[in-house]
Each structure stands twice: as C-alpha cells, then as structure tokens.
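Colleague: Spelled out, the chains give:
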Amino acid sequence: MKILVCVSKTPDTTSKIAFTDGNTKFDEAGVQWIINPYDEWYSLVRAIELKEANPAATIHLVTVGNADAEPIIRKALALGGDEAIRVNTDNSDAYYIAAQIAEVAKQGGYDLIFTGKETIDYNGSSIGGMVAELVDSPYISLATKFDLNGTTATVVREIDGGEETAEVALPVVVSCQKGMAEQRIPNMRGIMAARTKPLKVVEPIAVDALTSIQSFELPPAKAGVKLVAPDNVAELVRLLHEEAKAI
Amino acid sequence: MSVLIFIDQSEGHVKKSSLEALTYGADVAKQLGTTAEGIVLGTVTEDLAALGKYGVSKIHQVSNAALNNVDAQVYASVISEAATTSGATVIVFSHNQTGKAVAARVAAKLKAGLVAGACALPNTSNGFSVKKTVFSGKAYAHVNILSAVKVISLNPNSYKTVATEGTAVVEALAVTVNEPKVKITAVNKITGEVPLTEADIVVSGGRGLKGPEHWGILLDLAKELGAATACSRPVGDAHWRPHHEHVGQTGVQVAPNLYIAIGISGAIQHLAGVNRSKVIVVINKDPEAPFFKAADYGIVGDAFEVVPQLTAAIQKMKAGA
Ligand SMILES: Cc1cc2nc3c(=O)[nH]c(=O)nc-3n(C[C@H](O)[C@H](O)[C@H](O)COP(=O)(O)OP(=O)(O)OC[C@H]3O[C@@H](n4cnc5c(N)ncnc54)[C@H](O)[C@@H]3O)c2cc1C
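Protein chains in written order, with my numbering: chain F, 1 to 247; chain E, 248 to 568.
So that you can see chain F by itself, here it is in the shape it has in the complex (with noise of 0.2 Å):
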C-alpha cells in the first residue's frame, strides 16, 4: 500500500500577523514556520499508524513550496514516513497547487492520500477536494477516524449538526481532523533518520493559477473592554441588551 501525505509550511501558530510591501505581502521577518498542525498532529501521524500495523506500506509526503520549506519536511520525515516530494514554486493558488499534487500523486499511483483539514494560515480547506477531483477519486473530508480492512476504508467525518460514518474502497483522498490520532514528538533516532531519508525536488508542471492575492489587511483593533463588577450582573445584561443588542 502507497499512501501520500501532503504537509505544508504554515507560520507557527503564536506568530504576530502583519504586512509589508503596501500590504501585498505577509511579514516573515522573526516567523517561526511549523508543520500545519493538522498535517502534522492528524494526517501524518495516522499514516504513521497505518504503516506500523502493516510495515509493507510506504509513506511518502509532499509539499508544495520554495526551499524554505525543508526544514518543515525533514521535521516531518523526522516523524516518519519514507521519503518526500517538494515541488518547487512558491504560488499560493489552490488549484495551481492541487494541480501539482494530483500529478504526484497520479505518478505515484497511490492508494491512500491525506491532507489536513485546512492550512492554519489560508485556511482554504480546498485541496484535498481538488486533488481528489483531479485524480477522480472519492473525497472524505473532516474526517476524525480512519481504519483499514483490506482495501475498504471504514471513515468517521463531521458534517453539519453531527457526524457520519462511511465505507470507501481505496484509493480515497481524506481530510483529517481532531480525533483521527494523537500528536507524536519527534525522538533522536527519527531525526537522524531523516537526515538521510530521500528528499527529491521537481519542478512544477505547466498550470494555470486561477486566483491571486491583491492585498492583505488587518481587523481594527477592539476600542476597549468595559468591566463590569461581579455583584452587578443585571448591568451586564443591560449592557448586552441595549447598548451591544446582542441579546
């Protein structure tokens, strides 16, 4: 069984958020980059799971982006998995880089592709839906469990109001979540590893961006917390009610 997980670089989740360039581009100056928790707390430590009850199986990760981004892939081969795939662009489009992964993955002929539920800085939650339209594959999204019999996979996923559990036959592309595993720390002997697990790099295939971002902009801040002292709630709700309208 080949299984593919895409992981990406997203700015660790304490960075302060601000602009630069006219407010085209994200500051990176003093940014801490980090695996995107749910590729890598969920998605990869899954696959890692679903290679330990059946070592036959291969991991292999990709990421869509520059350079910069190996020290996130060794990180995550640290943690496990085979061998990766960057492939190098910096683009940010969804479908450019769903295009870039369904090709990977249509190379690799995989059984099982997993993606995070959605990147902590884009927050998208669109390309595992792509990739899976573009290998024409069914798509199991949310998902917060995944088990295996065979070539039938037995899937938990929220929906609105609840959850739904479903059977697939492989090969199936999921988006993972809270609940399909724990997050793992990575141990001396895996980060030795990963120095010498193989990293190859192609350059992207010929694609179309669809989407471009213009200009980025941050929230007015808040004017002020007003308190209000614990023994006079009723002035709280009368606050909420008239003035907020909120209640």
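Worth double-checking, as some hints may not be accurate.
As the list claims (entries may be wrong) - Not the full set, but computed from the structure, chain F residues with beta-carbon under 7 Å of chain E:
#  : residue
1  : 12
2  : 13
3  : 20
4  : 158
5  : 160
6  : 163
7  : 165
8  : 166
9  : 168
10 : 225
11 : 230
Calculated directly from the structure, the hints in this document are not laboratory data. We put the CB at the ideal spot given by N, CA and C, even for glycine.
Here the structure of chain F is known, so what remains is to put chain E with the ligand in place on it, guided by the hints.
Modeller: Chain E with the ligand alone, transformed into the frame defined by chain F:
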C-alpha cells in the same frame, strides 16, 4: 451569465448558512446586472418557491433521494453540470462542512478560481476581487479570481440574511446522478443543539471550570440564551466536552453575534478561532487574563458565582422585570 447558489439542506430543511449564501449570491447578481438562481439536491420538505424572497428568480431541483446524503464527488458533478447548462459564471456555496468539500471539487472540475471563506461582496471595479479571512481570522486577504467562471464559498455568519418579497420558479432539473462510491453506514446527528458555526450566541468554557461535572452552570446559561456551546482546546483534549466543541486556531472557527468566554485565558490560538465574533464577553477571575484585551465586556470574578447570577439576570430581563 448568471449566479448559481448551492442550497444546502439537512433532513429536508434549508440551512441558515444557505439563506446567507442566497442573499449574498442575489447581491452578487445585482452587482453584475444578472439573475440569481439556486440549486437544491435531494428531498426537501420546505416550500422552495418561498426562497424567492432572498432574491433568487429560479430554483433548480434534483429531488433524487440518492442525494440526501452528501457525496462530494456526485454533488460536484451534478452542480457543475447545472452550472454549465444554466450558463452560470459565479457559483456560490456556504463555507460549511458540505461547501468546503463540494466547492473545491466544483472549482477543480470547471477550472474555476475559488475563494474559500469569503466574508464580503466582490469588488468588481478592477477585475473581480473577494475579501476572505486568513490566518485563522487574524487578517483578511483580497483575492483576485482570474478565471471566467468563479466559485465563492461564504463564511457562515458573515453576511446578513435579507428577506423581501418574491417567489422563485421551481424547476426539476434533469442531470446525470452517478452512483456514489462512498457508502454511508451511519449518521449520528446531535439533535436539539444549535450547530456551532451557525449559532448567533456561543457560550464557551475553559479549564477554569475545573472539570466536566461543573458544566451545568454553563449549559443553563446557554439554554437560557438559545446558544450553542463551545470549549477551549484543553477541555476538548481532556474529553470534558466533545471534540466538535473545540474552538480556536486548531478547532472550529466561529463568528457569532455574541461569544461568552467563561474561565478561558484567551491564548492567541484560542482567540484566532473566535475573534471575528461581533461582541465578546469574558468572565475570568484573573484580571490579567489576556482575553480581556480582546473583549468588549468583562467581569473579573469567579465563574461559579457569576454565571448562575448571569443566567438568573437574563431570565429576569426576559420576564420583563
Ligand atoms: C499549536 C497550538 C494550537 C492550539 N490551538 C488551540 C485552539 O484551537 N483552541 C484553544 O482553545 N487552544 C489552543 N491551543 C492551546 C492554547 O495555547 C491554550 O493553552 C488554551 O487555549 C488554554 O485553554 P484555557 O483557557 O481553557 O485554559 P487556561 O489557559 O488554563 O486558562 C484557564 C483560565 O480560567 C481562569 N479561571 C480559573 N478558575 C476560574 C474561576 N473559578 N472563575 C473564572 N475564571 C477562572 C484562569 O484565570 C485562566 O485564565 C493551542 C496551542 C498550540 C501550541
């Protein structure tokens, strides 16, 4: 040229987030000087013609019971075919669980640029640019769509539903409905609860509540307000509350009218999921809790004392006292 809006339904009822999408799509159509049409899949018990009051002139219906469960692959093929035959150039979804999966597939199928998580009408003065939330609500991006056909998924709770007069023509649409490759074996809907992303009011608890056995005071408040309940990540991790209630950067992102945070410190990762809420109330015994900086109203006090009093005060207000 027209705008096609996907109307998401659950058990025959149109979702609130779809009414927002309908209003939004109708406004996009007005902007472009064209008409707005809806598409609904599966069996619906509601009066679809009445959805005309949100500004759509026509609703295409594929009332095939096989479409009652969402299969992203089947849905995408039906919606793409409908979009092509109706000549739609803009396709609007809600960025809810269904929309996230289906909009992406439709966009890829039609080679249409996608803005996922839009929060305002497009700016068409110079191209076609749509504002969306990025960095988990910490910022916005204006994204240009470069393709002829455009797909937009609208963040729930970010566009106000407006109902006026009007009825829509409901037309059965003949399209190919493929056999789904995914077999749904069980559906488990939490009934009687307000879906978190659609809720007007969210009452949320953190580690300050000390344990699941203390959630009663929070649930009482939520019940009084008709609110959905949420929690911080450690609370979800410790299984004090179900996973799906975890809000924040790595959980659900919400944007209700009112977010009440009880015993939550307001870590940056928590704020990322809630800072688009219109009004934030923080109840925390620590005056230095970072959450107060992001709040509109606050009480520095013990949740175990303040929350029951708050519930009682709201009850009293409602009773007109
Ligand atoms: C990569 C990453 C991603 C993360 N993603 C998320 C996320 O999505 N969502 C999220 O929530 N967190 C997230 N976190 C965790 C986050 O950093 C915080 O640890 C977490 O939000 C804290 O939860 P809390 O406020 O419930 O608990 P605490 O920080 O322990 O705060 C408890 C608060 O309760 C108050 N309190 C105690 N007793 C009382 C009382 N009797 N009455 C009133 N107040 C009281 C205390 O003063 C304190 O402020 C993430 C962390 C990382 C590293």
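Colleague: For each hint, tell me whether it holds in the structure or not.
Modeller: Comparing the hints with the structure gives:
{"no.": "1", "hint": "12", "in the structure": "10 Å, violated"}
{"no.": "2", "hint": "13", "in the structure": "5 Å, holds"}
{"no.": "3", "hint": "20", "in the structure": "13 Å, violated"}
{"no.": "4", "hint": "158", "in the structure": "6 Å, holds"}
{"no.": "5", "hint": "160", "in the structure": "5 Å, holds"}
{"no.": "6", "hint": "163", "in the structure": "5 Å, holds"}
{"no.": "7", "hint": "165", "in the structure": "4 Å, holds"}
{"no.": "8", "hint": "166", "in the structure": "5 Å, holds"}
{"no.": "9", "hint": "168", "in the structure": "5 Å, holds"}
{"no.": "10", "hint": "225", "in the structure": "4 Å, holds"}
{"no.": "11", "hint": "230", "in the structure": "3 Å, holds"}
Going down the numbered hints, you'll see the structure goes against 1, 3, while the others check out.
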